[in-house]
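Protein chains: 4
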Amino acid sequence: MAKTEIRVIYGDTDQMGVVYYGNYLRFFEAARSDFLREKGARWRDVESTHGVYLPVAEAKVNYKRPAFYDDVLVVETKLAELGRASLRFEYRVLRGDDLLATGHTVHACVDKQGDIREFPAALSERLRP
Amino acid sequence: MAKTEIRVIYGDTDQMGVVYYGNYLRFFEAARSDFLREKGARWRDVESTHGVYLPVAEAKVNYKRPAFYDDVLVVETKLAELGRASLRFEYRVLRGDDLLATGHTVHACVDKQGDIREFPAALSERLRP
Amino acid sequence: MAKTEIRVIYGDTDQMGVVYYGNYLRFFEAARSDFLREKGARWRDVESTHGVYLPVAEAKVNYKRPAFYDDVLVVETKLAELGRASLRFEYRVLRGDDLLATGHTVHACVDKQGDIREFPAALSERLRP
Amino acid sequence: MAKTEIRVIYGDTDQMGVVYYGNYLRFFEAARSDFLREKGARWRDVESTHGVYLPVAEAKVNYKRPAFYDDVLVVETKLAELGRASLRFEYRVLRGDDLLATGHTVHACVDKQGDIREFPAALSERLRP
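Residue numbers (the working numbering), protein chains in the order written: chain A, 9 to 137; chain B, 9 to 137; chain C, 9 to 137; chain D, 9 to 137.
Check each hint, because a few of them may be wrong.
Identical chains blur together in the list; that is why a pair holds if it fits in one copy or across any two.
BS3-like cross-link-like pairs, simulated, lysine-lysine; straight-line CA separation at most 25 Å [as the list claims (entries may be wrong)]: (1) K68 x K86; (2) K47 x K72; (3) K120 x K11; (4) K72 x K120; (5) K11 x K68; (6) K11 x K47; (7) K11 x K72; (8) K47 x K120.
Just so you know, the hints here were simulated from the structure itself, not pulled from any lab data.
Work out the full structure: start from the sequences and follow the hints.
Have a look at this one:
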């Protein structure tokens with residue numbers, strides 16, 4: 009499991025005084041990028057080294073409590089599924105011990121033409137726990 | 009069903025050359041705001057007139073095909089459920105006849121203190137088809 | 009002079025209850041894109057047809073009055089300068105008769121390698137008033 | 009001078025493959041917030057403790073070289089002017105030794121009603137070098 013710290017800026021909030029709901033998907037992206045980096049597999053290496061892309065096929069967020077300006081959030085990321093041609097990450101957004109949001113993203117594995125490709129073995133070995 | 013037109017700008021895209029996945033939640037927001045406006049119930053009236061807030065409790069997007077710079081997208085919005093204290097909107101993002109993405113948001117009905125409130129009758133009458 | 013209409017969404021605002029200062033640069037981008045479109049020269053044609061890019065070299069905004077959620081803003085755009093290898097757009101953001109902000113962007117004319125290129129004659133003819 | 013580290017995510021880039029020009033204003037905001045924090049004066053304390061707001065009156069960016077996905081940027085911030093009722097921050101965005109962008113923001117000092125207020129003495133003492 010990787011942990012990513014994010015400090016909330018004004019630009020993340022909206023006039024309800026809380027973090028705008030769409031910005032959690034930005035936080036998830038930063039978090040899964042850190043997850044790969046910890047595994048020694050930077051997201052941009054995936055593209056240049058393995059020739060595959062991992063576009064998001066599905067994203068979901070469940071909002072439990074609001075996040076506020078200047079909060080230091082921690083996003084915990086784990087790889088929940090590693091299929092033949094897809095990945096599923098799960099995320100938990102915390103402020104201290106408070107769970108603010110959960111969510112997941114599903115990624116397809118495709119080549120430059122957008123055709124489904126089997127997940128590269130070298131990469132799955134890296135990612136498995 | 010309401011229809012909202014959105015022209016994609018550079019600021020919506022990312023370096024994959026497609027609309028960034030998080031920005032669909034911005035499009036959904038613009039779309040449900042138009043939905044309410046068509047019903048004669050502007051989102052900000054909900055707050056000032058009815059004293060309730062409709063924060064997002066859940067959001068989901070399924071990405072089917074990429075959207076590109078300068079595309080004119082149409083977001084179709086319908087109210088799929090109108091519960092005692094919650095709402096569910098469903099969205100379809102199209103470019104011409106091509107379905108690019110689908111998704112939904114679930115909204116709780118709360119008062120200023122964040123406590124669950126029954127959905128105001130005057131408002132539900134407006135929103136029902 | 010081109011006019012672009014923008015309706016402010018929650019995602020554009022911050023917790024001060026006004027449009028976040030960085031988002032005016034999004035509005036400017038939408039506006040200059042409309043400016044070119046009116047001249048029959050879409051921004052993406054510039055790249056594919058003329059082989060030049062117009063990256064922003066400088067951007068400035070002067071904020072005079074806040075813009076609010078659900079406001080319908082009008083951005084007026086004019087081409088203030090058309091140099092040998094650069095462009096300068098000027099913008100005015102209005103809500104009704106109220107001037108909310110002014111600003112400009114300066115764009116270099118470069119080729120794919122990022123080297124300065126003379127502005128294509130075919131394009132400057134289109135853009136001149 | 010304060011230094012703020014920012015790692016570029018996909019959500020910061022656009023289809024030109026570089027950081028979108030508007031996002032530098034997000035970076036500047038994170039940076040000046042860190043500047044105040046180092047001085048023991050968090051931005052949200054300014055509002056709650058001193059009763060003044062520091063809305064942006066002017067923002068400018070000069071773009072010298074592009075920033076890319078996954079870059080670790082450093083934003084250096086200094087307080088360039090501290091007037092009776094205004095502030096001016098200057099920023100430099102670096103990647104290693106490369107200067108990518110410079111810019112400034114000017115902030116007015118106003119009360120809750122938006123009227124110009126003299127800068128609180130307790131706060132200016134903190135901010136002066």
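Right, here's what the structure says about each hint:
| no. | hint | verdict |
| --- | --- | --- |
| 1 | K68 x K86 | both (15 Å within a copy, 19 Å between copies) |
| 2 | K47 x K72 | neither (30 Å within a copy, 29 Å between copies) |
| 3 | K120 x K11 | neither (30 Å within a copy, 33 Å between copies) |
| 4 | K72 x K120 | between (37 Å within a copy, 16 Å between copies) |
| 5 | K11 x K68 | both (19 Å within a copy, 23 Å between copies) |
| 6 | K11 x K47 | within (13 Å within a copy, 28 Å between copies) |
| 7 | K11 x K72 | within (19 Å within a copy, 29 Å between copies) |
| 8 | K47 x K120 | within (24 Å within a copy, 34 Å between copies) |
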